[in-house]
Amino acid sequence: NAGVMQNPRHLVRRRGQEARLRCSPMKGHSHVYWYRQLPEEGLKFMVYLQKENIIDESGMPKERFSAEFPKEGPSILRIQQVVRGDSAAYFCASSLNPGELFFGEGSRLTVL
Amino acid sequence: KQEVTQIPAALSVPEGENLVLNCSFTDSAIYNLQWFRQDPGKGLTSLLLIQSSQREQTSGRLNASLDKSSGRSTLYIAASQPGDSATYLCAVRPGHTDKLIFGTGTRLQVFP
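Note that the protein sequences, when read in sequence, are chains A and B. The first sequence lines up with residues 14 to 125 when you count with my numbering. The second sequence lines up with residues 107 to 218 when you count with my numbering.
Chain A on its own, in the form it takes in the complex:
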């Protein structure tokens, strides 16, 4: 049973470009969470999704960030018009709610 798969593992973008981060949950898990870890800071909740639904997006910045979890395929975290402050590690987790969360290896975004 493969774990939570995230790609790309590393992504470099120039200011103003778009970043797309993908997450495939563990087999059988229909609950996906995105967290962001800024350098030398803790993990901060961004968004919680179930298939085709955003359940809680209270941690998402109001602009430029969006997330989806379609009926088929991985969950996508999209960041438009990236700025240097978006440089961080973005982690995806999945669960059989309300159970234990399992995290992926993360996607490390660097904005030049």
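Simulated from the structure, these hints should not be mistaken for laboratory data. Keep in mind that a hint or two might mislead.
Stated by the list, open to error - With the C-beta cut set under 10 Å, the calculated list includes, among others, these residues of chain A facing chain B:
hint	residue
1	V17
2	Q19
3	Y46
4	Q50
5	E53
6	E54
7	V60
8	S71
9	L114
10	E118
As the list claims (entries may be wrong) - Cross-link-like lysine to any residue pairs, in silico, SDA-like; alpha carbons within 20 Å at most:
hint	chain 1	residue 1	chain 2	residue 2
11	B	K148	A	R121
12	A	K57	B	T210
13	B	K148	A	V25
Keep in mind it's a predicted model, so treat the numbers as computed, not measured. In this text, a Cβ means the ideal position worked out from N, Cα and C, and glycines have one as well.
Given chain A, put chain B in place with the hints provided.
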């Protein structure tokens, strides 16, 4: 607002020592508490999950306790090894939400 604090922020010990890592949270209305390990540049590995109705969980050399009323959890590591070197994160799930609130972690170094 739930806040999670971990002390110490960093710990360096010789191999073989028994360790106690502390986690405190401000709101005792939690659903569960989870301890994770994070290696540099890597994702999070779930170590132990304690439900709010439980007092402790054990896995190998690890033992986690939960005192919900006082807002505390401890992670006990017996006979520490250099391979235990990592950052240990505590996270609580508030009772009314599906997201985890993380502490900033304890960075552990075990030297031979």
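Violating hint indices (sorted, rising): Violated hints: none; all satisfied.
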